[in-house]
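Participant: As you go down the protein sequences, you meet chains A and B in turn.
Going by this note's numbering, 221 is the number at position 221 of the first sequence; the sequence numbering is gapless.
Going by this note's numbering, 195 is the number at position 195 of the second sequence; the sequence numbering is gapless.
Because the hints were derived from the structure by calculation, they are not lab data.
Where a beta carbon is used, it is the ideal one built from N, C-alpha and C, also for glycine.
Be careful, since some hints might not be right.
[Said to hold, decoys possible] Away from chain A, derived, C-beta distances all over 10 Å, residues of chain B:
| id | residue |
| --- | --- |
| 1 | Gly13 |
| 2 | Gly30 |
| 3 | Glu48 |
| 4 | Asp88 |
| 5 | Thr117 |
| 6 | Asp127 |
| 7 | Glu167 |
| 8 | Pro193 |
| 9 | Arg237 |
| 10 | Ser269 |
[Unchecked claim] Per label pair, the in silico range of CB-to-CB distance:
| id | chain 1 | residue 1 | chain 2 | residue 2 | range |
| --- | --- | --- | --- | --- | --- |
| 11 | B | Glu291 | A | Thr14 | 51 to 61 Å |
| 12 | A | Asp22 | B | Asp88 | 30 to 40 Å |
| 13 | B | Glu173 | A | Gln218 | 54 to 64 Å |
| 14 | B | Ala206 | A | Ala210 | 16 to 26 Å |
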Amino acid sequence: MNIVVCVKYVPDATADRQFESDKTVDREGVDGLLSELDEYAVEQALQIKEKAEDPASVQVIALTVAPAAGVDAVRKALQMGADQGVHVSDDAIAGSDAGATSLVLAKAVQKVGDVDLVLCGMASTDGAMSVVPAMLAERLDLPQVTLASVIETQGDQVRIKRDGDTATEVIGATMPLVMSVTDQSGEARYPSFKGIMAAKKKPLETYSLADLGVEADQVGLSVAWTQVQDTTARPPRTAGEIVTDEDGSGATALVEFLAAKKFI
Amino acid sequence: MTEVLVLIDHADGEVKKPTYELLTIARGLGEPSAVFIGSGDQGAAVAEKAKSYGAAKVYVIDDADIKGYLVAPKAEALQQLVQHIGEDLAAVLIPSTFEGKEVAGRLAVKLGSGLITDAVDVQADGDGTPVTTQSVFAGNYTVTAKVTQGTPIITVKPNSATPEAAEGAAEVEEFTVTVSDSAKSAQIVASQPRKASGRPELTEAAIVVAGGRGTGGKFEPVEGLADALGGAVGASRAAVDSGWIPHSFQIGQTGKTVSPQLYVAGGISGAIQHRAGMQTSKTIVAVNKDEEAPIFELVDFGVVGDLHAVFPAAAEKVTERKG
Numbered sequence: 001m002n003i004v005v006c007v008k009y010v011p012d013a014t015a016d017r018q019f020e021s022d023k024t025v026d027r028e029g030v031d032g033l034l035s036e037l038d039e040y041a042v043e044q045a046l047q048i049k050e051k052a053e054d055p056a057s058v059q060v061i062a063l064t065v066a067p068a069a070g071v072d073a074v075r076k077a078l079q080m081g082a083d084q085g086v087h088v089s090d091d092a093i094a095g096s097d098a099g100a101t102s103l104v105l106a107k108a109v110q111k112v113g114d115v116d117l118v119l120c121g122m123a124s125t126d127g128a129m130s131v132v133p134a135m136l137a138e139r140l141d142l143p144q145v146t147l148a149s150v151i152e153t154q155g156d157q158v159r160i161k162r163d164g165d166t167a168t169e170v171i172g173a174t175m176p177l178v179m180s181v182t183d184q185s186g187e188a189r190y191p192s193f194k195g196i197m198a199a200k201k202k203p204l205e206t207y208s209l210a211d212l213g214v215e216a217d218q219v220g221l222s223v224a225w226t227q228v229q230d231t232t233a234r235p236p237r238t239a240g241e242i243v244t245d246e247d248g249s250g251a252t253a254l255v256e257f258l259a260a261k262k263f264i
Numbered sequence: 001m002t003e004v005l006v007l008i009d010h011a012d013g014e015v016k017k018p019t020y021e022l023l024t025i026a027r028g029l030g031e032p033s034a035v036f037i038g039s040g041d042q043g044a045a046v047a048e049k050a051k052s053y054g055a056a057k058v059y060v061i062d063d064a065d066i067k068g069y070l071v072a073p074k075a076e077a078l079q080q081l082v083q084h085i086g087e088d089l090a091a092v093l094i095p096s097t098f099e100g101k102e103v104a105g106r107l108a109v110k111l112g113s114g115l116i117t118d119a120v121d122v123q124a125d126g127d128g129t130p131v132t133t134q135s136v137f138a139g140n141y142t143v144t145a146k147v148t149q150g151t152p153i154i155t156v157k158p159n160s161a162t163p164e165a166a167e168g169a170a171e172v173e174e175f176t177v178t179v180s181d182s183a184k185s186a187q188i189v190a191s192q193p194r195k196a197s198g199r200p201e202l203t204e205a206a207i208v209v210a211g212g213r214g215t216g217g218k219f220e221p222v223e224g225l226a227d228a229l230g231g232a233v234g235a236s237r238a239a240v241d242s243g244w245i246p247h248s249f250q251i252g253q254t255g256k257t258v259s260p261q262l263y264v265a266g267g268i269s270g271a272i273q274h275r276a277g278m279q280t281s282k283t284i285v286a287v288n289k290d291e292e293a294p295i296f297e298l299v300d301f302g303v304v305g306d307l308h309a310v311f312p313a314a315a316e317k318v319t320e321r322k323g
């Protein structure tokens with residue numbers, strides 16, 4: 001069985017994220033890392049491998065579409081326990097929107113070939129659109145079982161629990177399929193020292209767009225189907241009033257504030 | 001006048017408030033047509049609702065072949081409707097729920113259209129092109145954007161507009177769709193609707209009171225203040241991860257995004273992941289024992305103190321004032 005896990009290299013969400021002059025996300029001024037939410041997908045891929053009758057027959061392949069530095073996201077997945085890495089890197093990809101990204105990912109999945117399961121995180125921590133798994137399923141014409149919090153597999157049968165918008169659902173589908181997992185699916189493991197050492201010897205392929213049969217004019221900022229007009233930093237909030245509660249004075253002050261703002 | 005499609009957000013035929021917000025926004029972009037994907041016999045009642053918010057047309061798509069499956073059949077249905085309408089379509093507006101965004105993603109690929117998610121506003125520019133406003137990077141930036149390819153597909157967050165009533169013609173058109181077998185490949189095996197709490201829906205509420213690690217698992221003070229103020233109850237990820245409250249209450253990066261008039265945080269430190277879900281709230285109030293908690297950087301009013309003392313006392317005073 002082949003499991004491809006899509007991982008994204010994102011600017012650290014706890015840093016001061018900015019935009020470039022071309023209105024794309026600044027991916028150099030801020031330290032990058034494997035998107036926290038994709039770690040859950042790597043974890044679930046590894047758990048499926050470990051629970052398989054013959055774990056050695058399951059290959060977990062970490063896939064990223066990213067500039068050169070983005071290979072760190074794949075390395076982290078390899079350190080956690082993925083077997084192989086694929087890094088799609090091409091200057092023409094810069095500035096691609098979700099639609100073009102899903103195209104490149106779909107072509108890369110096809111290049112890997114014979115894939116039973118494509119696993120994704122529920123969203124990236126930078127763009128946070130949450131649409132790439134659905135777009136990928138559409139492009140690959142595969143079933144989508146998304147936002148899984150509990151995953152069960154038996155042979156090629158998959159059941160997941162999904163905390164939907166209005167109901168908790170159980171979704172059933174047959175592999176091959178595209179799955180996304182939430183942060184409720186289980187804590188991601190930390191790479192062990194052994195894992196870090198082993199990762200250095202694991203196969204890591206780098207593909208260009210040409211390798212995938214994608215034309216440069218199908219992707220990138222200049223042909224993106226959406227265009228950012230303007231980016232504006234939100235003005236900092238003006239410092240509010242802070243009081244210290246003493247014998248109930250806090251509640252009184254709080255209610256006075258709410259009343260003054262006409263919330264009562 | 002060009003049509004603007006609005007996908008109706010509903011639970012078993014009960015139309016939700018974001019639908020009216022979308023219809024209100026759609027009126028600024030063209031002539032709103034509401035799309036109801038649901039039980040055909042509820043079509044007339046739903047159309048009446050859409051009519052009072054200015055829908056000129058209501059397409060009713062019976063979901064007998066759609067409802068047992070995840071997302072894909074809905075995207076196929078919308079694709080067929082968009083192709084039926086043809087050139088004269090200014091945009092497709094979809095509620096920014098998890099499902100709405102996935103439907104939008106698939107639809108965008110099918111149509112070869114640009115997709116913008118989580119808009120907090122949509123306005124027509126000089127040429128009538130929809131221009132969206134989004135709040136990104138945990139609310140630290142505001143971005144305006146437009147779709148440059150195909151029919152714009154835009155998902156819009158709840159609370160993005162104040163619904164304004166307007167009488168529309170609401171001419172009903174039954175639209176029949178064909179759902180492919182491959183769209184039926186992810187089956188909903190079981191569904192457990194969430195229990196109604198009697199409180200407002202978290203993402204739609206004007207007032208939200210949320211609790212975090214500092215509750216120590218006791219949510220009664222949070223619920224008490226929420227009820228006194230007529231608000232919804234929310235929680236931070238720390239509280240959800242501790243198993244104190246279900247995930248559907250979680251506010252933040254991996255939970256719900258709220259943008260109420262008033263947000264009250266109790267025992268929440270205010271990590272970036274939480275801020276991503278509430279930073280655009282109009283007025284922010286926090287109660288926390290730790291005066292160094294980062295949440296205090298965001299507040300309009302803060303109380304350094306124990307929420308277990310402050311919230312119940314405040315709830316009592318609020319109830320008194322309301323008489």
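Participant: Decide, hint by hint, whether the structure agrees.
Facilitator: Status of the hints after comparison with the structure:
no. : hint                                : in the structure
1   : Gly13                               : 13 Å, holds
2   : Gly30                               : 19 Å, holds
3   : Glu48                               : 22 Å, holds
4   : Asp88                               : 20 Å, holds
5   : Thr117                              : 5 Å, violated
6   : Asp127                              : 13 Å, holds
7   : Glu167                              : 29 Å, holds
8   : Pro193                              : 5 Å, violated
9   : Arg237                              : 8 Å, violated
10  : Ser269                              : 13 Å, holds
11  : Glu291(B) <-> Thr14(A): 51 to 61 Å  : 21 Å, violated
12  : Asp22(A) <-> Asp88(B): 30 to 40 Å   : 34 Å, holds
13  : Glu173(B) <-> Gln218(A): 54 to 64 Å : 36 Å, violated
14  : Ala206(B) <-> Ala210(A): 16 to 26 Å : 54 Å, violated
Violation of the numbered hints given earlier is confined to hints 5, 8, 9, 11, 13, 14; the remaining hints are satisfied by the structure.
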